[in-house]
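**Student:** Protein chains in written order, with our numbering: chain Z, 1 to 318; chain W, 1 to 629.
It cannot be assumed that every hint is accurate.
What the hints assert, rightly or not - The following label-pair restraints were derived from C-beta to C-beta distances:
1) W:Leu480 - Z:Lys32: 26 to 36 Å
2) Z:Asp201 - W:Pro432: 24 to 34 Å
3) Z:Phe153 - W:Pro432: 29 to 39 Å
4) W:Lys377 - Z:Lys32: 39 to 49 Å
5) W:Thr47 - Z:Phe153: 56 to 66 Å
To be verified - Listed next, the in silico BS3-like pairs over lysine-lysine satisfying Cα-Cα at most 30 Å (straight line):
6) Z:Lys32 - W:Lys156
7) Z:Lys46 - W:Lys187
8) W:Lys417 - W:Lys391
9) Z:Lys46 - W:Lys329
10) Z:Lys32 - W:Lys618
11) W:Lys155 - Z:Lys46
12) W:Lys243 - W:Lys618
13) W:Lys458 - W:Lys358
14) W:Lys257 - W:Lys206
15) W:Lys124 - Z:Lys46
16) W:Lys89 - Z:Lys46
17) W:Lys157 - Z:Lys32
18) W:Lys257 - W:Lys89
19) W:Lys407 - W:Lys349
20) W:Lys377 - Z:Lys46
21) W:Lys377 - Z:Lys32
22) W:Lys187 - W:Lys222
23) W:Lys612 - W:Lys623
24) W:Lys329 - W:Lys296
25) W:Lys296 - W:Lys536
26) W:Lys358 - Z:Lys32
27) Z:Lys46 - W:Lys128
28) W:Lys155 - Z:Lys32
29) Z:Lys46 - W:Lys431
30) Z:Lys7 - Z:Lys209
31) W:Lys417 - W:Lys349
32) W:Lys377 - W:Lys89
33) W:Lys349 - W:Lys339
34) Z:Lys46 - W:Lys156
By construction, these hints were calculated from the structure, which means they are not laboratory data. Using N, Cα and C, we set each Cβ at its ideal position, and we do this for glycine too.
Below, each chain spelled out in residue letters.
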Amino acid sequence: MGAYVLKRLGQSLITVAIVVLTVFLLLRLMPKNGYFTREDYVNMDKDARTAYLRNLGVLDDPFTQFGRFLSGLARGDLGRSITVYPRSPVLDVIGEKAPYSLWFGLAALVLSMVLGLGLGILMARYKDRFADGAGTVYVTIVRAIPSLIWLFFIQQWVTALLGWPMVFYEDRPVSWILPTVSLALSGIAWYAIWLRRFMVDEENRDYVKFAVSKGLPWKRVMRGHVLRNALVPLVQYFPQQILLTIAGSLLIESIYSIPGMGGLLVSAIRQQDNPLVQALVLLYSVLGVVGVFLGDLLMVLVDPRIKLAESSGKGAAA
Amino acid sequence: MKPRAMIIAVLMALTAVASAWAAGVDRYDAVYASEGSSLRYFYTPTTTDQRVAANTQDGLVEQDRFGRFVPSLAQSWTVSPDGLTWTFKLRPGLMYVDSSGQKTRWEITADDFVEGLRYVSDPKNGIKNFSRDVRNLISGLNAYYLDLSDVDSGKKKDLTRDQALANFANVGISAPDKYTVVYRLSKPTPFFLSYLVMELFLPVEKEFLDTVGLDFGVSKEKLVFSGAYYISDWQRSKRIVLKANPHYWDAGKISVKTITLQYVPDPTTQVAMFQRGELSRADLGADQVKALAKSKWGQYIYSDPPSADRFSVTYWFVQNFTSANPEFKAFVNNLNFRKALYYGIDRVKLNELDDPYKPGQIIRNTVVPEFQIFDEKGVDYTDYPGVKEIKAAGNYYNKAKARDYFKKALAELTDGKGTIKGVSPTTVDYKPIAEVKVDGKLPLQMVYVSLPDAVETKRALLLKAMLEEAFGKENIEVTLGQCIDDVFGEVVEPRRFDLLHDNFRFGYADPAAQLSRLVTGGGVNDGQYSDPEFDKLVQEAMSKTVLSERYAIFAKAEALYLDRCYVLPWAMGGTAYQITKVVPFTYPRGGFGITRFKFKGMVVEKDPITAKRYEQLKAAFYKEMAAAK
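If we strip away everything but chain Z, and leave its shape as in the complex, we get (with noise of 0.2 Å):
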């Protein structure tokens, strides 16, 4: 286990040190133009473009600029915004931004998992009667309908319906249960099909029907094995699903006005800030890759029989 933790760590460092220099390389071929407006272009001239571009460090060959940026990430400095927050340092404006998207984000997601997996249960246990169809519609609407549609329609409709505040107040709390409802549904739908599939596929199992054959009771086979197992392909996304909440919903944190991370990448993107777009893609693959290799260690503490490593060169993984 721990030369596989270690082994793991190692291709980890890889993934992210080749994500992180791809996009660096890649940013660099954006074209420099995509620095000026119009406007720019009309009021600078060629000397104050190129000074401007120097000025943002732009112009320096890129193993200058991925050195400063190595050597900015040891000192955990990842600079300054160049142009979506100009001189703003990088880890003010994540530090400002990210703790709202990671709390609606871990409100919707527990929003998700109890109402999504308890839906997942319902519609299993009672295949084909009333629950499993309601759930079965809802995830429908859910998945057909686009998004942008019932979103808009929950903000307006509901917050008229209630009286509730359009968009997001900090000190109103009644204005944080949209935004977290409207993050929380599609997830719901998530968990509540994915969980309704497994546990169907496991009570359509062998060992399941020998069990209710030996008479073990029902409530006991469900929870005790099929839930169990249903549960096993789900529980390695739950850590990346809770890194990457971090991140953000563009679309929910629009509509609502919600000042977090959604959003932050394209406008850095889009406007080509090298030390904004570097620093997110690093959080984001860090967090990524860390929610995989945590989703793995997750499954073998809920799954006995999988094994991550070959041990002394007997059985492999199960």
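On the provided structure of chain Z, position chain W as indicated by the hints.
**Tutor:** Below, chain W alone, put in the same frame as chain Z:
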């Protein structure tokens, strides 16, 4: 205006303002859709940045509600007889305040204006708006900037950066005493005041700047404020709260004590928030106007283009005189063809996409906007002979005339059997925007390029239908191309267009702001045409320092330019309808710099202003303005 009428107009206006004050509320809530980038007020790439800068920092002068330049931090000024030296006397004893509204230890002094200019002219500070116009305006400034730039790039090795910085002493700005700022200009510039409302001429306190260093303006705590408001709260992508500065020099004019601006990018949400009483103002798009017109909100909807942020923007069609499309190149260099286009475009129809109710009110035939530039007698530049007639002509659309000109163009450019003289078949490569095969025969192939949003797409389709219908599909075929979002980078610079929809805003109060950039090789001459006669007239006008003489020649130049159809102006900016509780005409207006974003003097009422009341206030305001001039 007769004295009696003038007195009545003034009384009416005063009554209107007084009654508004009486019913007023002390807060204003609005939204913003373009995210602010920073609080460093010398660098304001978005309108949100400009709005915050305008309300939290004052310059030497500002514009009042009639657009006149009036004293601000300077209480008076004088100009030397040669027009080169401008001396401003500051109000003594004014202090900067911090983000809690408390007085700081720093007084606003003349040195702060010197420091401000020193800051913006250092290339290391990356102030993009520090234009060559400004550099060439003040004596020695351009040389100072270029030296620093050359030192930074390594081109100049005989000078250290510190030495180059020390040369700022040679720049034409000085503070001979604590309350006197003197500018020495490179050439007489009677419209110099219109530069001073730009953010580039704001003050900064040196000791404070040295203390915060690179962090200047990265948060509200890294700023001190000289304006009518201070920033009491600032959250990226969320909200900005401005509170009235209790130590402001003109505090008596500030009736709105708290301004809350929320980041709400969605226009639908904005309107619903207004309807629920959460906002003091909402802007409406054409579709929203249609949706609300028959509801109870219909009575409150109106538009006032001259007070809109974008009023000084002129929209025009640019023609590519050096087109890679040999068919279009042959045609566009023919005056009759350009006149055919000029008369063949129905401006009212095009405007209906932006303003379905009063499309005629936003037509602009001139390059230079109206209500912006006035001579020493208060005469609007666009009322000078030559330009006045063009302005007054309204919609130029005349299908018969257009067809006549087109026939003349065909007679001159084709052999009478449909072959375009001197054009060989080829493929016009405007990839990735368009690719067109031309065969040197009619129909003339031309590529019109626009942005991909819904209104621009509709406009492109309408224009294509308009031209093909006017001249016949057998004579002209318009191919539509779209860029992603950067008209200059994707279209203009790589020359991937024949006809293009674009716009341009004014920089300062002189026709040169636009016309000098439209000459051969000028910064806005995107069509790349050349007309020595026009160039000469512009040069001649720029050499005049008496405004009326200057404008008379500029008007002649502009009339010639428009008669020869080098660009095809068709609309003004500022088409937005609104529902608002803000009493119109109570706040500053003007097309230049940032004072048009000031809330100073703004009066907000409890209930929305009806369109009927707006019309009454408008009538009174224009009477008052005429009297004031």
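**Student:** Now look at each hint and say whether the structure bears it out.
**Tutor:** Outcome of the hint check:
1. With their beta carbons about 29 Å apart, Leu480 of chain W and Lys32 of chain Z fall inside the hinted range of 26 to 36 Å.
2. Distance hint for Asp201 of chain Z and Pro432 of chain W: a CB-CB separation of about 48 Å, inconsistent with the stated range 24 to 34 Å.
3. Between Phe153 of chain Z and Pro432 of chain W the CB atoms are about 37 Å apart, so this pair conforms to the stated range of 29 to 39 Å.
4. At roughly 48 Å, the beta-carbon separation of Lys377 of chain W and Lys32 of chain Z lies within the given 39 to 49 Å, and the hint holds.
5. Look at Thr47 of chain W against Phe153 of chain Z: about 31 Å separates their beta carbons, and that is not inside 56 to 66 Å.
6. Distance hint between Lys32 of chain Z and Lys156 of chain W is fulfilled; the C-alpha atoms sit about 24 Å from each other, no more than 30 Å.
7. Between the alpha carbons of Lys46 of chain Z and Lys187 of chain W the distance comes to roughly 24 Å, so the proposed pair stays at or under 30 Å and holds.
8. Distance restraint check for Lys417 of chain W and Lys391 of chain W: the Cα-Cα separation of roughly 39 Å exceeds the 30 Å cut-off, and the hinted pair is therefore not satisfied.
9. The straight-line distance between the Cα atoms of Lys46 of chain Z and Lys329 of chain W is roughly 28 Å, inside the 30 Å bound, and the hint therefore holds.
10. Using a Cα cut-off of 30 Å, the hinted pair Lys32 of chain Z and Lys618 of chain W is violated, with the two alpha carbons roughly 47 Å apart.
11. This hinted pair checks out: Lys155 of chain W and Lys46 of chain Z have alpha carbons roughly 15 Å apart, not beyond 30 Å.
12. A threshold of 30 Å between alpha carbons decides the hint, and for Lys243 of chain W with Lys618 of chain W the separation of about 29 Å falls inside it, so the pair holds.
13. For the proposed pair Lys458 of chain W and Lys358 of chain W, the alpha carbon gap of about 18 Å is at most 30 Å, so the pair holds.
14. Proposed proximity of Lys257 of chain W and Lys206 of chain W is supported: the alpha carbons are some 29 Å apart, at most 30 Å.
15. A threshold of 30 Å between alpha carbons decides the hint, and for Lys124 of chain W with Lys46 of chain Z the separation of about 16 Å falls inside it, so the pair holds.
16. Distance check on the hinted pair: Lys89 of chain W and Lys46 of chain Z sit about 37 Å apart at the alpha-carbon level, beyond 30 Å; violated.
17. With a CA separation close to 27 Å, the supplied pair Lys157 of chain W and Lys32 of chain Z stays within the 30 Å bound.
18. In summary, the hint linking Lys257 of chain W to Lys89 of chain W is supported, as the alpha carbons are separated by about 29 Å, within the 30 Å threshold.
19. Under the criterion of a C-alpha separation no larger than 30 Å, the hint pairing Lys407 of chain W with Lys349 of chain W is consistent with the structure, at around 24 Å.
20. For the proposed pair Lys377 of chain W and Lys46 of chain Z, the alpha carbon gap of about 39 Å is over 30 Å, so the pair is violated.
21. As the CA atoms of Lys377 of chain W and Lys32 of chain Z are separated by approximately 47 Å, the hinted pair breaks the 30 Å bound.
22. Distance check on the hinted pair: Lys187 of chain W and Lys222 of chain W sit about 37 Å apart at the alpha-carbon level, beyond 30 Å; violated.
23. Of the supplied pair hints, the one linking Lys612 of chain W and Lys623 of chain W holds, its CA atoms being roughly 17 Å apart against a limit of 30 Å.
24. Distance check on the hinted pair: Lys329 of chain W and Lys296 of chain W sit about 53 Å apart at the alpha-carbon level, beyond 30 Å; violated.
25. Between Lys296 of chain W and Lys536 of chain W, the direct Cα distance comes to roughly 57 Å. Violation of the 30 Å bound is thereby established for this hinted pair.
26. Straight-line distance between C-alpha atoms of Lys358 of chain W and Lys32 of chain Z comes to about 42 Å, which puts the hinted pair past the 30 Å bound.
27. Restraint check for Lys46 of chain Z and Lys128 of chain W: satisfied, since their Cα atoms lie roughly 12 Å apart, inside the 30 Å limit.
28. Restraint check for Lys155 of chain W and Lys32 of chain Z: the C-alpha separation of about 21 Å stays at or below 30 Å, so the hint holds.
29. Of the supplied pair hints, the one linking Lys46 of chain Z and Lys431 of chain W holds, its CA atoms being roughly 26 Å apart against a limit of 30 Å.
30. Only pairs whose Cα atoms come within 30 Å are accepted, and Lys7 of chain Z paired with Lys209 of chain Z is rejected, the gap being roughly 40 Å.
31. Simply put, Lys417 of chain W and Lys349 of chain W have alpha-carbon atoms about 33 Å apart, too far for the 30 Å limit, and the pair is violated.
32. Of the supplied pair hints, the one linking Lys377 of chain W and Lys89 of chain W holds, its CA atoms being roughly 25 Å apart against a limit of 30 Å.
33. About 19 Å separates the Cα atoms of Lys349 of chain W and Lys339 of chain W, which keeps this hinted pair within 30 Å; it holds.
34. The straight-line distance between the Cα atoms of Lys46 of chain Z and Lys156 of chain W is roughly 17 Å, inside the 30 Å bound, and the hint therefore holds.
The earlier numbered hints that this structure contradicts are 2, 5, 8, 10, 16, 20, 21, 22, 24, 25, 26, 30, 31.
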